[in-house]
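Visitor: Protein sequences appear in the order of chains A and B.
Numbering of the first sequence is given in our numbering, commencing with residue 1 and proceeding in unit increments.
Numbering of the second sequence is given in our numbering, commencing with residue 1 and proceeding in unit increments.
Treat each hint with caution, since some may be false.
Stated by the list, open to error - Listed below are the simulated DSBU-like cross-link pairs for lysine-lysine, each with C-alpha atoms no more than 35 Å apart in a straight line:
id: 1; chain 1: B; residue 1: 76; chain 2: A; residue 2: 40
id: 2; chain 1: A; residue 1: 170; chain 2: B; residue 2: 87
id: 3; chain 1: B; residue 1: 170; chain 2: A; residue 2: 87
id: 4; chain 1: A; residue 1: 50; chain 2: B; residue 2: 171
id: 5; chain 1: B; residue 1: 76; chain 2: B; residue 2: 171
id: 6; chain 1: B; residue 1: 379; chain 2: A; residue 2: 50
id: 7; chain 1: A; residue 1: 446; chain 2: B; residue 2: 379
These are computed hints drawn from the structure, not numbers from a lab.
There are 2 protein chains.
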Amino acid sequence: MDFLELSDRIIDSAGSHKQISAAATNRRQAPTDFSIIYSKDLLPASGGEKVTKEFLHELLNILLGYICKSSRRSGKVLDFHHPHQLKEGLEGFSLQLTDKPETLEQILVDCRDTLKYGVNTGHPRFFNQLSSGLDLIGLAGEWLTSTANSNMFTYEVSPVFILMEEVLLKKMQGIVGWSDDEGDGIFCPGGTISNLYSILVARYYFYPEVKTRGMRALPQLAIFTSEHSHYSVKKSAAVLGMGSENVLMVKCDESGKMIPVELESSIVAAEERGLVPFYVNATAGTTVYGAFDPFNDIADICHGHNLWMHVDAAWGGGLLMSDRHRMKLQGIERAWSVTWNPHKMMGVPLQCSVILIKKRGLLQDCNELGAEYLFQRDKPYDVSYDTGDKSIQCGRHVDVFKFWLMWKAKGSEGFGSQVNKCLENAEYLYDQLQRRTGFELVFKNKPEHSNVCFWYIPPTMRGLPPGPDRDTRLHQVAPRIKHRMMEQGSVLIGYQPLGDKVNFFRCVFSNPATQQEDVDFLLDEITRLGNDL
Amino acid sequence: MDFLELSDRIIDSAGSHKQISAAATNRRQAPTDFSIIYSKDLLPASGGEKVTKEFLHELLNILLGYICKSSRRSGKVLDFHHPHQLKEGLEGFSLQLTDKPETLEQILVDCRDTLKYGVNTGHPRFFNQLSSGLDLIGLAGEWLTSTANSNMFTYEVSPVFILMEEVLLKKMQGIVGWSDDEGDGIFCPGGTISNLYSILVARYYFYPEVKTRGMRALPQLAIFTSEHSHYSVKKSAAVLGMGSENVLMVKCDESGKMIPVELESSIVAAEERGLVPFYVNATAGTTVYGAFDPFNDIADICHGHNLWMHVDAAWGGGLLMSDRHRMKLQGIERAWSVTWNPHKMMGVPLQCSVILIKKRGLLQDCNELGAEYLFQRDKPYDVSYDTGDKSIQCGRHVDVFKFWLMWKAKGSEGFGSQVNKCLENAEYLYDQLQRRTGFELVFKNKPEHSNVCFWYIPPTMRGLPPGPDRDTRLHQVAPRIKHRMMEQGSVLIGYQPLGDKVNFFRCVFSNPATQQEDVDFLLDEITRLGNDL
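With these hints in hand, go ahead and build the complete structure from the sequences.
Guide: And the structure:
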């Protein structure tokens, strides 16, 4: 039997709890019996090469089985169980940890079970989060990264990854529109931390004494952000000791964009109350509506008041890769800092987030402490590449390689097409919602990003007049449909209320696997599951 | 030819730039020619299963080649090149990113090159960092984690991983010595962030108004930590808006332990200056000396002054797994919070760090903002499992699975033996240093952790009297030997000055692959490389 066939057989049995053998990778010798082998038999154990190879081949077969299954529409998005059910141990899958080791056979079974009871975020019908899909090159990058198992603090231990970070940062700065002699930045663990960096560095820029003396040496600062912006701005203000109540929420228009005159008047009102405005967060692609704030207008206001302008493009940054859509971010080049998460719209596996800072050197000055056990000055190479002291972390996970590898594999053009396709899916959904009965858009304008927000109105509610009674009933529709979706496992989509709008669905497209047929399926499924409500 | 043999052949050629074919995984059909295939041909492309399987098999062969080579002593720890050399593109390895896609063949070559020019952190003779080694089960866990590509914010998208986090946190809390009805915590991106959490939560515990009103509403707070503690305490104070100068450094004894009466007098002196002490960081395993602070004495002082006691056991926490060594952490159970990095002494792949908080609910109250698009209260399951709002991040990488899988595979006992072995290596080095000519210990006591600090004194310096002249010369010895080590690539070890001590080597053991012969090799190599200085 051919290796691939054998491998297929193993893959197709993924999910079963039968004994696993290494037959596929080792036919001349007796198949390895993983039920009598333990982790201590793997490398670095002497003579452990053979078992190590067989074990990792077995694992690859399990992972390949999952990857292939995930991409098939016939498979489920999830197989939901309540916490107490999983904790009780389903079909022998025990989460408990013991004193004694388990065999490698049990470890492989645990791997299968972990995948089985998880959520299939790569499934073409997973619309629940801004990050979805499974990019195979990105995955290869992650596997290599964990095999290299290194740390970003110095060039000494991560020479290649440190240089890849530099290359990626320069590339992204160029795409944002900054000139060659400006631009700095760092990869960090998620968009919230990236936004936190922007406030941290902005505060240091205006008040460098804050580093040693703290907030009590400063006046009462104020931060401005739109009411539709991400909650990380408030969270960061709380963490940084600035106080969440000093984050002032600026009103948005109907489609979720910050209203410039409202920003101007908020700034003036804050000054009258004795606060000192210093920072404005504008958003490129709000979390729920996918709106883009008017960056040029905001930049004018920031310029007039000498405020730091940050653009949170965690979600919207990906559109910069598309010739068709990048004009939605016009003015972003005037920002002093930008958050951009390649793990969202660009499909890079989690985590991959960047903070870009226009002015060089600030990040280093703001964060450096020069620990001598890491950042010795008497090293035999250019120590400006020991970039770890720019970070608020010490050890830092390598998030750059998978992204660099994807860029090599797709080219800038490939990212552009990927973004275009996601936005085409959003347009298709927007059109369908207007054609089909029982659906209502949350806002009328064509979505700028891939977010589409809508209500499903069950037949019994279609005649109801607008008002509190209808709102109360409508508020329960999305959660109840979502509940049924989770039980069926056929598709997954998010919902939320926002301001005075009761619970509505938010569909987002970032998975290149999704096709128009999946959009149709989503609407059919919502109708099927919500028809009797 | 047998599959394993073929696979070996491919593995042995790792590093060469010859054309790569998928012969090993596909013999009946013509070998796949990766030089005409692109990432767009992989899944989710229609019909992409075959190419996907072949590509990932090829990648596995490359990674297996690296893993096997890393564990061989005959291989180099690193192949050093300066930043400008790597940037110029060595042997065709170009870091630059272009508009057009590269073929999968080029992608595989890039993977080989990335590994080739990186540092072999799993090599038995890599002693440069607190994290080293490559645990194969941990690696399997990381590969699965990236295949699942999920996010820790809610139970909805990461049911299994969220429960594994709960199981691990409970287990670790029990091992620290907390009772069943206390204990909370979260996995976070590194020990610095864990330490930051401890100060953040302590500040909130005493002054909950800080969340909304900021530091200006509070008195001038003071933090205490030893002069040998990690720089993350100061870094966190700067980030949190408390000011690094309000971190007061307490004197240590000769072996690096905080002196309790010095802590007491620092607290009293701070109060006299009008500061308000609220938090003490004690260290379990300092970064350079590996010292353990006297936790019970510190706990008594904290109790007397009503201060939050934190233990930074990022490095030393692993010793809790060993019956032989856990008494070094006596009193840690009295801490109100503990940082513990399984990615250091327990050998879990990067990143894996935990902050444990004794009092339940504080972490949630301190950080929650209740964003409605993620943390809806009307979900159909127990939403107390939506733990993401405890975090200062929004999206959070899954760091738990690899650790959970390693625990399953080794049992608590396996971690214990691993720790014991590392400390035996340290003892062996300590003994050898006393026997061999030309070596001098930085402090006389037997190391408590696996850190061993020493000078190498070249023959020409052995007769010199102590004093500034000798110090000036000795200060240059370690950097020069390290420089030669990097060029030769035979072994890697760190050095630094500390206080009034000039540059000395710090050897740390956390890699289970290291044997006594590697310790001998290290000392021989230092002698060989430094003999003529």
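Visitor: Now tell me if each hint is right for this structure.
Guide: Taking the hints in turn, this is what the structure says about them:
1. 76(B) to 40(A): holds (24 Å)
2. 170(A) to 87(B): holds (13 Å)
3. 170(B) to 87(A): holds (13 Å)
4. 50(A) to 171(B): Between residue 50(A) and residue 171(B) the Cα gap is close to 33 Å, so the pair holds against 35 Å.
5. 76(B) to 171(B): violated (38 Å)
6. 379(B) to 50(A): violated (48 Å)
7. 446(A) to 379(B): Given pair residue 446(A), residue 379(B) holds - Cα atoms ~29 Å apart, limit 35 Å.
Checked against the numbered hints listed earlier, the structure breaks hints 5, 6; every other hint is satisfied.
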